[in-house]
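On the provided structure of chain A, position chain B as indicated by the hints.
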Amino acid sequence: MQFDRVSKQYPTDGEPVPALHDVSLEFGRGEFVALAGRSGCGKSTLLNLAGAMDFPTTGTVMVDGVITSSLGDAGLTKLRREKVGFVFQSFQLLPTLSVVENVELPLLLAGRKGARAAALERLRRVEMLAYAARMPYQLSGGQMQRVAIARALVHDPAVLLADEPTGNLDSGAGELILALLREIANREQTTILMATHSVEAAAITDRLVRMRDGQVEEIRELCRS
Amino acid sequence: MPLLILFYRLIVRPLRREPVRTALTAVAVALGVAVVLAIELAGGAAAGSFRASVESLTGQADFEITATGGIPAGVLARVETLPYAFQSRPRIEDYAAIVGPNKTVPLIGVDLLSDAVSSADGDSRVFQKGNSVWVGDGLGYKAGDALKLLVNDTVGDYVVRGVLGKGSGEVIVMDLAPVTTILGRNGALDRILVQAPPGRSIDEWEKVLRAALPPGVTVARQGTRTDENRRMLQAFRWNLRVLSYIALVVGAFLIYNTISISVVRRRTEIGIVRALGAQRSQVLIAFLGEAACFGLIGGWAGVALGRVMAEGAVKLVAATVESLYVSSRPGPITLTWELALIACLTGVGVAVGSAFLPAWEAAQVVPVEAMARGRREHQLRMHKLRGLLFAAILAGAAWVASRQPAWNGQPVFGYVATVLLIGSSTLAIPALVALLANASAGLMGRVLGVEAMLASRSLAGSLRRTSVLVGALSTAIAMMVAVGIMVGSFRETVLVWMSDRLQADIYLRPAVPQATDRHPTMSADVIERLRQLPQVAAVDPFRAYDIYYQGWPAILGAGDSAVAAKYSRRPFLSGEDPRKETEELTSGDNAIVSEPFANKHHVHRGDFVELPLAGRRVRLKVVGVYYDYSSERGYVIVDRSTLLKYLPDPAPSNVAVYLKPGVRVEVGRRAVEAALAGRKVLAFSNRTLREEAIRIFDRTFAITYALEAIAVFVAVMGIAGALLALVIDRRREFGLLRFLGGAVGQVRRIILFEAGLLGLLSNIAGLILGVFLSLLLIYVINKQSFGWTIQFHWPVAMLLASLSVVYGATVLAGLYPARIAIRLNPIEVVHEE
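Chains as they are written, first to last, in my numbering: chain A, 881 to 1105; chain B, 13 to 845.
Treat the hints as calculated values from the structure; they're not laboratory data.
Please read these numbers as outputs of a predicted model, since none were measured by experiment.
Any given hint might turn out to be false.
[What the hints assert, rightly or not] Sample of chain B residues facing chain A (criterion: CB under 8 Å; computed from the structure):
#1 Leu-460
#2 Val-462
#3 Ser-470
#4 Glu-745
#5 Gly-753
#6 Val-756
#7 Val-842
C-beta atoms are modelled at their ideal positions from N, C-alpha and C, and glycine is treated no differently.
Excised from the complex, chain A in its bound form:
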């Protein structure tokens, strides 16, 4: 994944609000990267651009060899379906679907076959197979985030984007989730970009990108666990 001199401004009634300014970054396969910084520093904007949910105002974002701004809506949707998985701070499971139905949802939206088997396999890998038939409100926060991770990985994406995945969890549950993400990056060679405020969370990653006012303030290589 490559960000090349990416800037992003949001239009308002008055002056446009800058969110990112001249950011250039590159992430390799299987790399686990933490994006740190204060609220409003541009972490979420960077994740949205990486996930092909938005276009940069200037510069290019390349995901798995594809420049996002060259795609139309259908192309972006296809890219997300095949290359990108999302994990959110507040889990974002659909309350009306069971655990396994939530996990298989991306495959069903993409019209792929074998969705149920793939979903169950993903649940097994995140140790949630026993909860497959349950509804989200019957799970704890940590369990919900595991299900959300299983959903984000069900289509074997090249990139997993996690926005404060431990923000709504207690420390014990948070540690388990971080360990799971670490394992995924190692075992499945999935590139993971994780926005976080937590020093402990950042410590488990390969590289820390610290941001400030929409710019990269510091890049620090960490030891791979």
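For chain B alone, kept in the frame of chain A given last:
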């Protein structure tokens, strides 16, 4: 004042932020109010015109004397020679058609000298001239104008001698002497108006008159007949009113839904304002105030819309009144400030009433407990079984109510049963929705894709909201189905009945228009002329008289029973051979009565009916009750010989002509027309008559369909509004789907599937409820209101067509919300907390 500011900020401002949804809800109320008001105004105008055309001509009097077949000569003299100072005014009343504009107007014969009608040239000698007429100011003629009038089957030339006073309307007046000749009344009068002198009570004077007059002559207080006619119209007006309430009921469902959504959405907000010191009562008032806003806006808009809709409705209502009940002409539509205020307050009342439950729930919110939707929906799921139990109880109560007889001539318990059934259906709907939505989710996912599965799950997940929406739409659909089945069954019954009853090849009637209370006659020689035609096998002359029996208008008719027995197949309730019962008519003072007459007066075979005929009270033995759908008034039928014995006027009102085998109808018709040349008589083939009857039938029920369509339209608008709310509520979910790889088209399809599922569930629930309601309409409400038996019939094509249209409309109602959904910015909606 501070409370008003808060009300504006917390209630009114959010409404302004969603103008489309606010407008949809207000329009739903407006349409409900408009329909009710329009029907009230139209009914009033139709009844008002009836009053105008009869009462204004009768003038001031205490009593009116009448007799079936005309008041015998001598009665007027008897009244005038009584040793009391009664003032009497004789009347002959009939109808004439003005040739040219082809307008049928009342033709009144009065004693011009005593009634003080002034002639334009002031010469009283013109009164007695046979061609002198005076016209009402509504006809637009002036003194000296020439007129051609068709009276019975004869056209004559007349001269307008003067215009009657202001407000006299559309009427033609002649002096008694010439009108007696023109109508061939042989001195018989239709009515004598009597004003009693002071000194005694009205009751005493009535006794004096009754004692002085022959037994077959009826003395009634003036206006009694008008009241009786109006009473007869009541059932018709009540049925229309009840139908018009449906749109209002549907509107109430939607207000309930809107306020429920409002409460669920603002639960956190309510918790905050409660924590900041708001009292429960303030929260309750705030949400009731929100509903009142909808009611107020919708109410006033409904008044304006209702006034406009009344213009169209009055034509349909008046046409039905004219063809089924009583001669009338649409009067002016009178919208008073009082009525407008009542209509508006009805809108507010319905809105506030239907919002009470969700508003009360809002007031119960504990500040620390801003309950999540999931938990509330779970609670509702837990209550499904309880709802089913109550639904069963209400259905049982509806069954009991449906078994009760009419109350005061009105199917009150039938209406109660209808309300109970709708209530039962409403309570059963959550269980039905949950069952169908859950059961179909997997199947739909496999067959129609993930969008259908998500839509299905979403509806089942929002059970409360879904149930209210399905309740509203299914109620409207149910009424549409019920009325459709009832009207379809009625139509089929009438078609079968006509094929039995109408066996003659040609039917004749005077060219002057007939009505249910208007029986113009042809010249008596017509019968003989027809009998002599070589193409004709038999002739059945039928004479009809307007009568009153036990205070209700009815029709006394007489035909040739021998001909009817030979050619016609009049079906009897007894199921016996119709010929046998028809033949019994010829053996003495026997009569057969139509089913509406029998039901209205509780008359059975073997009973006697006593009718005042030409100065005598005649007892007629009922030898049969036959099915009849031609008049709600009801018929008493005797043999022609029996009628002529008491009322020796041979002029027929209609004639049925049976052609010899092998004679083509067109040939026979030409022969008949040639034989009656010079007579203004209309000849209809059997087929034309049936087509005309069905045309009138369809016109009669046109307003019913219009009312149902409006109710369905209101419900579909409610679906659109609710889907819009649903999109706004679930915006994060739709945004998330985009994050998970969902395409714009998939989000659109989810909304459209939800709309389609709502339509499907509503159609299923509406169809089930509608069939039960149709049974109530056919076997209870119609039977008790109008007295006729309708054979149940499935109007499959109509049901399929109308349900498909409703389904299509429901799916279309999802288009705008779907458009809103796909315009949402997924990043914004997913990250907003």
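Restraint outcome when Ser-470 of chain B is required to lie within 8 Å of chain A by C-beta distance = Where the cut-off is 8 Å and the nearest Cβ of chain A is about 6 Å from Ser-470 of chain B, the hint holds.
request  = Would you check whether Val-756 of chain B satisfies its interface hint, that is, whether its CB is within less than 8 Å of any CB in chain A?
outcome  = Hint on Val-756 of chain B: holds, closest Cβ of chain A at ~6 Å, below 8 Å.
message = Restraint: Val-842 of chain B near chain A, CB-CB cut 8 Å. Satisfied or not?
response = holds (7 Å)
ask   = Taking the least C-beta to C-beta distance, is Leu-460 of chain B closer than 8 Å to chain A?
value = Given a least distance of 12 Å, the restraint on Leu-460 of chain B is violated.
key: Satisfaction of the Gly-753 of chain B interface hint, Cβ to chain A closer than 8 Å   = holds (4 Å)
ask   = Against chain A, is Glu-745 of chain B within 8 Å by beta-carbon distance?
value = With Cβ-Cβ at 6 Å, under 8 Å, it holds.
Hinted contact Val-462 of chain B with chain A - closest CB pair below 8 Å = holds (4 Å)
Hint check: a violation occurs at hint 1 only; the rest are consistent with the structure.
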